[in-house]
Amino acid sequence: MIDFQPVKILYALFSIFIIFNIGLLIQGIVRKIGARVGKRYGIRFYQPYIDLIKNYSLRTSITHGIMFYLGPVFRLTGGLGVFLFIPIIFGSVYFQNFSFSGDIILVLYFIFFGALGMALGAGEGGHPYSAIGVSRGLAQVTAAEIPLVIAIMGIAIQYQTFSVSEIVAAQQGGIANWTMITNPLLTILGMVAYLGSMMRSPFDVVLAPQEIPIGPPTEYHSTFLGILQTNRSIFPMAKTVLFVNIFFGGATNWFILIIKIFLIYMWSVFVAVVFPRFRVDQSIRWFYKYALPLGAVVIFITTLLF
Amino acid sequence: MDKKDLKKRTVTTPDGKKIEVDPMKDYFSQAKPKIHKPGKTVFEKFLDWARAESLWILGFGTGCGAIEMRPLMTPRFDAFRYGIQWRPTPRQSNVFVIAGYLSVKTLKRVIRSYEQMQGPKYVVALGSCTINGGMYWDSYNTINRLDYYLPVDIYIAGCMPRPESLLAGFEELKKLIKQGKGEGANIYAEKFDWYKNNQKQIIKDWDMPDYNW
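Residue numbers (our numbering), protein chains in the order written: chain A, 1 to 306; chain B, 307 to 519.
Bear in mind the hints are in silico, worked out from the structure with no lab data behind them.
The reader is advised that the hints may include incorrect statements.
What the hints assert, rightly or not - Chain B regions said to be covered by chain A (calculated; three or more residues, Cβ under 8 Å): (1) 382-391; (2) 394-403; (3) 420-433.
What the hints assert, rightly or not - Here are the computed lysine-lysine pairs in the DSSO-like style, where the Cα-Cα straight-line distance is at most 27 Å: (4) A:Lys32 with B:Lys481; (5) B:Lys484 with A:Lys32; (6) B:Lys502 with B:Lys411; (7) B:Lys411 with B:Lys497; (8) B:Lys497 with B:Lys481; (9) B:Lys309 with B:Lys414.
Stated by the list, open to error - The calculated label-pair distances, taken between Cβ atoms and stated as ranges, are: (10) A:Gly65 with B:Asp321: 21 to 31 Å; (11) B:Gln485 with A:Ile33: 26 to 36 Å; (12) B:Phe352 with A:Ile105: 36 to 46 Å.
Computed from a prediction, not measured in an experiment: that's the story for all the values here.
Glycine included, every Cβ here is placed at the ideal spot set by N, Cα and C.
Go ahead and model the full structure; you've got the sequences and the hints to work with.
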């Protein structure tokens, strides 16, 4: 039976609005923290908002073709798609988005979707750095996706369900029930996969500022860049919400959710400040050499235990 | 790109068809820049504020003055706190800093990069060389007055101006933009023929389209 109420759309839009603001603020705050560590004042924490308004308000833009238009749109669709099918707040009637019994599979598709869209769009941009960046990006996303898929298979085996809501429900009742405690190896695997898709060093091979300055979005400007920036604030947050839900017991209110999002996001930031950037071959090899065998072991243990 | 690659010619495709290629027409737009009239509403004021507070500089060191831009990224001067950031591509930048002397060879690249930037865009001329040639005023290979070739929004005099002067200059540029006076892109579109004429007088081997988007 399809249980759909139109009012859900309004709640989903509202939660997109909230997560969009959280994303922009975390971007600003993280850059501010980075600057203070380097003894600079750094950007104002609300600078991402101004940059976004500026980019949307530029008067001219040029296009290289239809796919160039659609690239950022696909990218944003990927980000929103991940977000729209994950329940946000456990136990809340309003912030369940469009979660259903097999949502975690659909979310996996959407995580990959944005990268493919960007590949088509940036390819038509015609800049050599875009092409290099995109080919690197697809290789990297594929390499990091394998541990992520194994982790999610492990979750499905452990909780015997493909529904994020049920996974969160099974983790309620204190920290001892979180996947983090009940299956630590699986969580480690998931967090490794998380690093691979956050575009931070050491896995920062797509934008690679010192090598192929900013890679795929080289040709993107004004509104196109604005859409990509919008996605940059929604997509990482959506992935983080997914990780909060499947590994860290979900959240029963926005306050707990924001704290968990911030802590998980800071994990990728900490790793980024400690480790220098991998070359593209090193980064992809790292996933196949260490993350993939770890995944095989973890899925074996999980099958034995649960 | 070699110069003969820019000529019109017939090429054979991998499946044996003969097609005519005219790179100047196929790869570049020949359309003249258009004037985009700024609105006069309160909303436009707000957008001008956003444009002023988010200055993205094109990371292109054109002359010796570029060395004065580097300290702005360091903890001592830290331009990021004023909303000034560097971008690696002209498409995403709004501010072009012409850093010091400008050789004829670089002028060609500067014009191409400037035309690829999206409006509203601003030019900051740094150092005396951009005003009257400075110590290179009688050089055979540098231009003397920048505003013959590009619409300059603000000059920062000195040889070389210290990073503090640069910061002060950027603050002045912000004031201009907030007053709605940062219309360099429109001035360039309005007097396009005049600028092109001046540019062509200096650049003898003009082998690019008249307008590179």
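For each hint, the structure was consulted:
For the region 382-391 of chain B, the stated coverage by chain A holds: 5 residues have a C-beta nearer than 8 Å to a C-beta of that chain, and at least 3 were required. As drawn, the region 394-403 of chain B meets chain A at 5 residues by the rule of a beta-carbon pair under 8 Å; at three or more, the given contact holds. Under the rule that three or more residues need a Cβ within less than 8 Å of chain A, the assignment of the region 420-433 of chain B holds, with 3 such residues. Taking the CA atoms of Lys32 of chain A and Lys481 of chain B, the gap is about 25 Å. The hint holds against a cut of 27 Å.
With a CA separation close to 25 Å, the supplied pair Lys484 of chain B and Lys32 of chain A stays within the 27 Å bound. The straight-line distance between the Cα atoms of Lys502 of chain B and Lys411 of chain B is roughly 16 Å, inside the 27 Å bound, and the hint therefore holds. Restraint check for Lys411 of chain B and Lys497 of chain B: the C-alpha separation of about 23 Å stays at or below 27 Å, so the hint holds. Simply put, Lys497 of chain B and Lys481 of chain B have alpha-carbon atoms about 24 Å apart, close enough for the 27 Å limit, and the pair holds.
Of the supplied pair hints, the one linking Lys309 of chain B and Lys414 of chain B holds, its CA atoms being roughly 15 Å apart against a limit of 27 Å. The beta-carbon spacing between Gly65 of chain A and Asp321 of chain B, approximately 22 Å, falls within the hinted interval of 21 to 31 Å. For Gln485 of chain B and Ile33 of chain A, the Cβ-Cβ distance of about 35 Å falls inside the hinted range of 26 to 36 Å, so the restraint holds. With their beta carbons about 44 Å apart, Phe352 of chain B and Ile105 of chain A fall inside the hinted range of 36 to 46 Å.
The structure is consistent with each of the numbered hints, conforming to all of them.
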